[in-house]
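Colleague: Read off the chains here:
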Amino acid sequence: MLVTITLDSPVGSGINAMDLSHLLRKHPAKVQNFELPVGTAYVFYPECTEQRTTAALLLQIDPINLVRSKRFRGNSGILDYYVNDRPYAASSLTSVAIGKVLRSAMTGISPSHQELADARLPLTLKLPVVSSRGGHGVDLVSALFEPLGWTIEQQAIELDEEFPQWGDSQYSSVVLSGVERLDVALRQLYVLLPVLDDSKHYWVGDDETEKLARQGEGWLENHPERDLITQRYLVHQKSLVAMAEAQISSADSAGSQQPGDSAETSSVVPLRVERAQAVLNALKEYGAQRIVDMGCGPGALLRRLQADPYFTSIIGTDVSARSLEQAAAALHLDERSDAQQERIKLLHSSAVYQDERLNNFDAIVLMEVIEHLDGSRLPALVSSVFGANSPRVVVVTTPNVEYNVKYPGLDHHALRHEDHRFEWTRAEFEAWAQETAGEHSYGVQFRTIGANDPQVGSPTQMAIFSKEQA
Amino acid sequence: MSELQLPEVGLVLLVGASGSGKSSFAARHFEAFEVLSSDYFRGLVGNDETDQSVSKAAFEALEFVAGKRLEAGLLTVVDATNVQQSARQSLIEVARKHDVLVSAIVLDVPIRLCFERNEQRGRRRVPPGAIERQHKELKRSLKSMRREGFARIHVLDTEEQIAQASILRHKLLNDFRDQTGPFDVIGDVHGCLDELVMLLEKLGYRFEYDAEKNPANAVHPQGRRAVFVGDLVDRGPDSVGVLRLVMGMVRSGAALAVSGNHEDKLVRALRGRNVNLTHGLDQTMDQIQQAGAQLKRDITDFCASLISHLVLDEGKLVIAHAGLIEKYQGRASKRVRAFALYGQVTGEVDEFGLPVRYPWAKDYRGSAAVLFGHTPMTEVAWINNTACLDTGCVFGGQLSAMRYPEREVVAVDALQQYAEPGRPLESPFGPQRESGVLSMEDVTGPLRLKTSSMGTVKISAEQAAGALETMSRFATDPRWLRYLPPTMSPAESSQRPGYLEHPDEALAYYKKQGVSKVICEQKHMGSRAVMLLARNPERFDAPEGWLGTLHTRTGREFLDHGAERELLAQAHRAVDACGLWQELDTDWLILDGELLPWSLKAESLIKDSYASVGASSVAATQATVQVLEQAAGAGLEVSALLASVQEQHRNARAFRDSYRRYVGDKEQLRFAAFQVLAAQEKTFESKDHGWHMGIAQRLAEAAPKLFIQTEWTSVELDSEEQVQAAVDWWEQLTQAGGEGMVVKPWGNLQRGAKGWIQPGIKVRGREYLRIIYGPDYLEPQNLKRLRQRATDKKRARAIHEYILGLEALRLSAQGEPLWKIHQMVFGVLALESEPIDPRL
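If you're matching them up, the sequences are chains V and E in order. Start counting the first sequence at 1; every next residue gets the next number (the numbering used here). Start counting the second sequence at 1; every next residue gets the next number (the numbering used here).
Derived from the structure by calculation, the hints contain no laboratory data. In this text the structure is predicted, and so the values were computed from the model without any measurement. Warning: the hint list may mix true and false statements.
Unchecked claim - Within a straight-line C-alpha distance of at most 27 Å, the following computed DSSO-like cross-link-like pairs (lysine-lysine) qualify:
#1 E:K68 / E:K316
#2 V:K126 / E:K607
#3 E:K458 / E:K68
#4 E:K202 / E:K68
#5 E:K762 / E:K511
#6 E:K362 / V:K467
Kindly generate the complete structure, drawing on both the sequences and the hints.
Modeller: Structure follows, in structure tokens:
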């Protein structure tokens, strides 16, 4: 991992480029090395003239220690393998090195050259390998550095020249040139390299917010991407992650956003809200007070059930333990009274296995669940829900694939979510529901959820199975 | 001297006032853990044995512990005064809940003795008034206790009797665990004497006749014993004849029998109770009246003596007329008898107006095989280790017997239809008896997965929870997922300079385990794959035309439906062409192998991980080399640093070359088979690898577009030459870009001095290992640390997974219920999963 900082002395500027070494407080004729927890940092000057001086910060990371040491691994997952890009790409490790090795330069205080330290200097920063991981196709380099006045020269790095069909890698080499105070430039790198890389390697302490404020002083306040920078810079702090995820989950139904879920449909109510409301209405209409929300995800429906005293006993199940953790957080289960904890419970369970613990409830809700199962496993779900648990009422919602033409962002024949194993037409859903109802002595009726288009129907379809109407 | 008989499974109440000597009596006759003393429980919950204010809590705790013991089938003695009816009733409830008998031992000693002993108790003294009250209550209890539900009440009313009493523990009437067979278990006869005689003849029994030439006994020359599942009588032509023969066989020891509901009703009718003479009982009563008074008495005694169920063969076989759930096996209570004789009904009635029977076999998870009758079926089939032997002989079906332990069905056709069934005969495969249903209980940890001959593997709750999502959402259908392969351990780290793995260590491992010959197989650069090929989809509960499945080591399908079908069809043709179906006498088989190219499954891994690291490492090291060269040009002393970064740059390029070899044409799928895992009723873990490689070769010759051969060489470990040749072979293989090799014991499954031997050890090539350990792993300072890796844990896990996988195959081959197979397969996945805390 390498960063170079070049100071040019334009004709007539009166700047001696060699003074860069004074600002950095590193001797220009020596190769200095610094032992850091992650490896060894070297500072040296590949060129050093009055016209142009370049300082290089080279970080030689110890790849074995990085993976083996619990201190670095954290729970990011990236260091689960010896093969990773940490030794090569600019990342939070670079920030650590800058913070340790060039700390005094970052303060902007220079006992010998304060005037130079206070001056905006013609600087060139070179980063041979920058990752923009997690950019979701949007390259953040310009968005982050351009508003700060840098001119950007960016060269994408090919993934593998032997397989040109793979296209570019997530890395590029970046040259930033502009006029800026050295301390500001260093602090910008310090904050923005981890933001670009988006995978912090170490445990972020409580003072991290404060650190961000300090290093961002003078440039972050008015940065148009300030929110993104803050979010990403802090993203690996656990409580903040939980908070962020709770926010995400509140905007989401099955732990996965589908088109229309947050977009406004015909009314001002987002589809996910309409869907949950429709399920709640159906449950009340059928007098179901003891509810199982099967495949509850992070708890979107559970929170509504919890808030309504009509529902006396609630169980949320999910096959993903992660989703249940999120649901438990969203429901604030650990802060609830004994009575509330008795009223609402979460179980790790799978819809394709029979689960006796779910017997004797009024209703089982399968809201946006069946489409996450392979078609061949549906009979197992039917057998466990309708056959074994056999509640009085079963409510099933699932996307209506016919409606997909209404989503301009969705490719032809594409499904709404990458984990959907299928999406049914109205006829397919009704055929399945009728057969299921017939086999298990239920009656069934169908409802639309969301804007009902005369040609393609509603975005979500719902079936209400009931024993009374059999 | 009085001998007190007690059933060896059950609850015993000691009854007597304080000071009557209960505790010392208990200490003399029972083991320490068998006695639950109320005083002791007062101490446990309240720190004071005499504190009466904690009695309620103490008894709750005592009853809880008693319940756990009874659940486990342990004799349990309650040492409390038990002089109040309410106290006894509460304990009797505990016994009923666990379907065990309750006995009482009453110590009715003179009250002065209680007073005397009480005086010696010191601090633990009871107020004398309390003793008086208890004594009175005891006297009252002696009269009422007869009606409280005790199986036996022993009253000891003198000191001498108490001193001389001894305890005799007896087996329960249903306990025939010491009888190991072999047995011929015979279904509902219903008065069909001719068919019974035909069946017994077919089973090899020899008959004895009475003076009137009636068959009166039948004995098997090899000592086999017949077991009748009840319903000997009614509906058919000769109930008396059947009873005469069966009674003779039971008397002579040639047969055992349990009661059916028809015998139960017959006894009541014979004893003059008011019974509806329906379902053929009227004919039976007529036949008995004509047979004479002596036979009538014998029949009454015989039928009245029939017990509800039999537990045979060390608990591995249970006989009950209507079947029996695991919880009731070997127990004695009214509801056990009711279940065994009449079965359970759901409360609903079917379209014929008959009660719908509770399909207990569908949920049966017991380890004992249960043979039963009661419900006429179209055929005999094993459902979850249970089988109904009633094939409706009296309705014109068959009279069936199950040979045990052979598990062969022997049947004779009915000579005619003697009665009209109330509803058509059910198929054992009907939806009511679906055996493919899996339940959360099957996969919720902690699990103790017992194998038939390779020990028990424990799966923690966390491990099981960790596999639930993968199995539910990503794995192929459990009905088709019959096996998952074990992880493979690498060789121990090599100490040779420049090597992390080397054949020496793998070969040395096997030599140390006492293996004399190994096979070295080329390790293909693909993904571990399991291929199930089937010509009989019904065996796998799959739709018609289904050909099998191809899945990864975590149970995921490799291909979409169409591509999978095409590949499997090709594989089928290859198996056809080799004549393997006939040779293995099978309709299905499971192959273990490697699917190539690796990029089929791993392309995103290659792109996102390997190629990304390749791109960033090449670019970063190249830029660094340039900057350092510039610095050197400027006169800085950077030569060591420059040399090191140059080396890193070469390593980065070598790393790229390593992963590039794995990128293949995804349209060109190849399967390298290396083992036949199972087929029909067989598994092949004890066939040597030469045999397996031979089959792989034939498949490759039959269908070279799909199957490819694996290069291999065998090594006698005592031959230095052969060992050296194997090392050279590995060097060549890996220098040519090969991944490496796998060393396996030639004889396949083998046990060493300290347990099962690793089924295979991989020795990977130097270059290949870059994509595991990083571009710079061979740098001496890195290699030194990487050598310190613990292979022990991985090896223990590999063995556990191997055992579970083999057991899954064996269970499949034996046609065992799906839930058992699934538990084993699930266990393998659980051991491979990141543990998750299942409690929330």
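Colleague: If a hint holds in the structure, say so; if it does not, say that too.
Modeller: Hints, one by one, checked against the model:
The straight-line distance between the Cα atoms of E:K68 and E:K316 is roughly 23 Å, inside the 27 Å bound, and the hint therefore holds. For the hint pairing V:K126 with E:K607, the CA-to-CA distance comes to about 26 Å; that is within 27 Å, so the pair holds. Between the alpha carbons of E:K458 and E:K68 the distance comes to roughly 22 Å, so the proposed pair stays at or under 27 Å and holds. Restraint check for E:K202 and E:K68: not satisfied, since their Cα atoms lie roughly 47 Å apart, outside the 27 Å limit.
A distance of roughly 16 Å separates the Cα atoms of E:K762 and E:K511; the hinted pair therefore holds under the 27 Å criterion. Restraint check for E:K362 and V:K467: satisfied, since their Cα atoms lie roughly 23 Å apart, inside the 27 Å limit.
The earlier numbered hint that this structure contradicts is number 4, and it is the only one.
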